[in-house]
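A.B. asks: These are the residues of each chain, in order.
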Amino acid sequence: MNEEKLRFIDEYRNKEILLKLIKKLKREIDNPIKIMEVCGTHTISISKFGIRRLLKGKVDLTSGPGCPVCVTPNEDIDWIIELCRKFKDKICLTVFGDIMRVPGSNSSLFIEKAKGADIRVVYSPIEAIEIAKKRKDLKIVFFGIGFETTAPSIAISLIEAKKLKLENFYLYSAHKLIPPALDALLSLGEIKLNGFILPGHVSTIIGSNPYKPILKKYGLAGVIAGFEPLDIIQALLILNELIKNKNYDVKIQYSRSVKPEGNEKAKKIMNNVFKECNSIWRGLGEIPNSGLELREEYNDMNAKLHFDNINVSPKENPACKCGEVLRGIIYPFECPLFAKACTPNSPIGPCMVSSEGACAAWYTYEDWKKYKKMMKNE
Amino acid sequence: MNNIENIIRLAHGGGGKLTLQLIKEIFLPAFKNSILEKLEDSARINFNGKNIAFTIDAYTVNPIFFPGGDIGKLAITGTINDLAMQGGIIDPFISAAFIIEEGFEIENLEKIVKSMKEECLKNNVKIVAGDTKVVEKGLADKIYIITAGISFIPEKVDLGVHRIKEGDAIIVSGTIGDHGAAILSTRYDFKLSNSLISDCASLKDLVKSLLENDLEIHCLRDPTRGGLGTILNEIALKTNFGIIIDESKIPIKNDVRALCEILGIDPLYLACEGRIVCFSSWKKRNDVLSIIKENPLGENAMLIGRVTSKFSNKVIMKTTLGVKRIVSMFLGENLPRIC
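In order, the protein sequence lines correspond to chains A and B. The first sequence: position 147 = 147 (this note's numbering), numbered continuously. If you want this note's numbering, it's the 1-based position in the second sequence plus 378.
The set of hints was computed from the structure by calculation and includes no laboratory data. Everything numeric in this text was worked out from a predicted model, so none of it was measured. For glycine and all other residues, C-beta sits at the position ideal for the given N, C-alpha and C. Be aware that one or more of the hints could be misleading.
Examples of chain A residues toward chain B, derived with CB under 10 Å [to be verified]:
hint, residue
1, E4
2, K5
3, I9
4, D10
5, T41
6, D98
7, S124
8, E261
9, K265
10, I269
Computed list of chain B residues with no C-beta within reach of chain A, every gap over 10 Å [said to hold, decoys possible]:
hint, residue
11, K395
12, N440
13, I575
14, N632
15, S668
16, L699
Output of the computed footprint for chain B on chain A, the stretches with three or more beta carbons under 8 Å from beta carbons of chain B [what the hints assert, rightly or not]:
hint, stretch
17, 13-19
18, 108-121
Sequences are here, hints too, so could you generate the full structure?
C.D. replies: Laid out in structure tokens, this is it:
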């Protein structure tokens, strides 16, 4: 077996350096701190690498609204399902794989696919364009979800579709923006935090500047972090310094990808295709200017306008606590359905479905029974 | 079944939790008998004092041609391997059925048949019966192949989950996930590197050398659908033992790891088509390892863990960072994440 290292991965998983840094971090933290991460990839890293266990008693890590599938409300999923039913054999729905298993009010895309809807998982919206070019007999609808990370590549595909004069390509935009959601979450005042691990991918696009006024307003520090264990521990070291010094600033740990101003080109492309709009978030409700809708120039590709006679009446399962999980006010295992009625095998809420969801991360990787016991004893 | 709706989804065929549920709740109750109940890769049938391995497998791989093989090669090696995991290595016979979609190019059929022929010659296996069906365009995806295999098991060889003991060594014969990664990269047309090649190969000779030497082999499995993670979970569930593995010891090619990192997929659940997971006595682990390494398919073999009474029904992995975490059962779909 060759022992060559995988660049950009293995050097950030070096056990010796990691244990040294953890020791340093634990020594430097006087009072335990509570930190929220707002990116599903961070959530998974923290659980998968056992970082929570390594920092027990010093850092309390909790997840926020950072999983794109999880924050997509039933309204959107129901709409897409209804579209598939109403226009069966006429449309082909293209989606990112993660959304397939998410239950809407009464079905999921997996179930609809099994019942005969033409639903295809794509890795990039460009694949959807390729299908549209080949299948002129079908209307190809792309279900656009995700944050600032995915929006630019979807914008490019729309520009491409326009260039190709494709008349059978549509986007249903359920895109969301992270900074307004952080503002909305903090304005609720439900959760007491010391700081944020800010998302690395989103920030690669938007930079560090958009977070600054928000965190300043609430007196919190933030560090934009990479996704490997060393990234996260280093980010926590920087965060702890900021917290100690009451310096409510936003620093970049993930400097190999993130610049303070972000990616100007990607922002421009995004801005050319999308405009801000109000958007509904699971768990947080409607947040002003927290979503992206297509600009008027792209009206003929806007699925919401083209398929305008779709009506849905979304219902939430009242026992599902995904909303509370997404706001960080309960741990996944505190939901009465967790690991009972709701498992990754037969999920009830999206946080258990998505490979980036907090419930799935806890169920898959964490010794949650131990935590549950600990909380009971406290 | 406690699914949202009682219809078959793709995940029911993924080899993970839902497949197991289907077998346990529908097939087993209907066909219940002491041979089937064992749920091994092949049935072991005692016939006039001789033991026979008997198996069947359907091949529906997409794409049908992939780096390192094609659906024809897979249909032969897959069935040879299923037989071999039960010790069925003496003169196997195979029967093959073809379900072909109307419009399929004969040239491609010839290519597939040629690679089946080559694989049969290489392994001294004969195809002795067959069937062909053609279905209307759109009712099948190009071509499906079903192969059944039958073979004698050498005297005194008894392999299976029932023989696994506390303390057994767990050895994998090579890098994991090669086949799954080759298929994924071809399907999604990722031009990452040229080294994502399926490990599709017959394990008959490797198994033969393991059984010829007195190595206290207890159980053999080929981690196909659902990968290593699923096989280990199945065994933990069936034996009531726990399994502990060491992440740093699991051989994975860097290109496979890179693809997994990009797609957000765990290589533990990627299929292999030419690897063995071998359970042997702890005492004989080094002998087993050196015998496997002598075979060209086994040069990357590693001891990855052992069977324990500590965590009943669970698979625990010591991660490279020294933390222990659960390896859960595969759900049935390898879905790329969003970002």
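A.B. asks: Against this structure, judge whether each hint is valid.
C.D. replies: Comparing the hints with the structure gives:
A cut of 10 Å between beta carbons decides the hint on E4 of chain A: the least distance to chain B is about 6 Å, and the hint holds. Among the interface hints, the one on K5 of chain A holds; its C-beta lies about 8 Å from the nearest C-beta in chain B, closer than the 10 Å criterion. Using the Cβ-Cβ criterion of 10 Å, the hint placing I9 of chain A at the interface with chain B is satisfied: the shortest such distance is roughly 6 Å. The restraint placing D10 of chain A at the interface with chain B holds, with a minimum CB-CB distance near 9 Å, inside the 10 Å limit.
A distance limit of 10 Å between C-beta atoms decides the matter here; for T41 of chain A the minimum to chain B is near 7 Å, and the interface restraint holds. The closest approach between the C-beta of D98 of chain A and any C-beta of chain B is roughly 5 Å, which is under the 10 Å cut-off, so the hint is satisfied. Given hint, S124 of chain A at the interface with chain B, holds; its Cβ is 9 Å from that chain's nearest Cβ, closer than 10 Å. Contact between E261 of chain A and chain B, as hinted, is not supported at the beta carbon level, the nearest pair being about 21 Å apart and thus beyond 10 Å.
A hinted interface residue such as K265 of chain A counts as satisfied when its beta carbon comes closer than 10 Å to some beta carbon of chain B; here the least separation is about 18 Å, so the hint is violated. The interface hint given for I269 of chain A is broken, as the beta carbon of that residue sits about 16 Å from the closest beta carbon of chain B, more than 10 Å. Distance check on K395 of chain B: its Cβ comes as close as 5 Å (rounded) to a Cβ of chain A, failing to clear the 10 Å threshold; non-interface status is violated. No beta-carbon of chain A comes within 10 Å of the beta-carbon of N440 of chain B; the shortest separation is about 13 Å.
Separation of I575 of chain B from chain A is adequate, the least Cβ-Cβ distance of about 15 Å exceeding the 10 Å criterion. Remark: the non-interface label on N632 of chain B conflicts with the geometry, its nearest Cβ contact in chain A lying 5 Å away (cut-off 10 Å). Every C-beta of chain A lies more than 10 Å from that of S668 of chain B, the closest at about 15 Å, which supports listing it as non-interface. Distance to chain A contradicts L699 of chain B as a non-interface residue, since its nearest Cβ pair spans about 6 Å, not more than 10 Å.
Residues of the stretch 13-19 of chain A lying with their CB closer than 8 Å to a CB of chain B number 4, which satisfies the three-residue condition for coverage. Beta-carbon proximity to chain B at under 8 Å applies to 7 residues in the stretch 108-121 of chain A; the threshold of 3 is reached and the given coverage holds.
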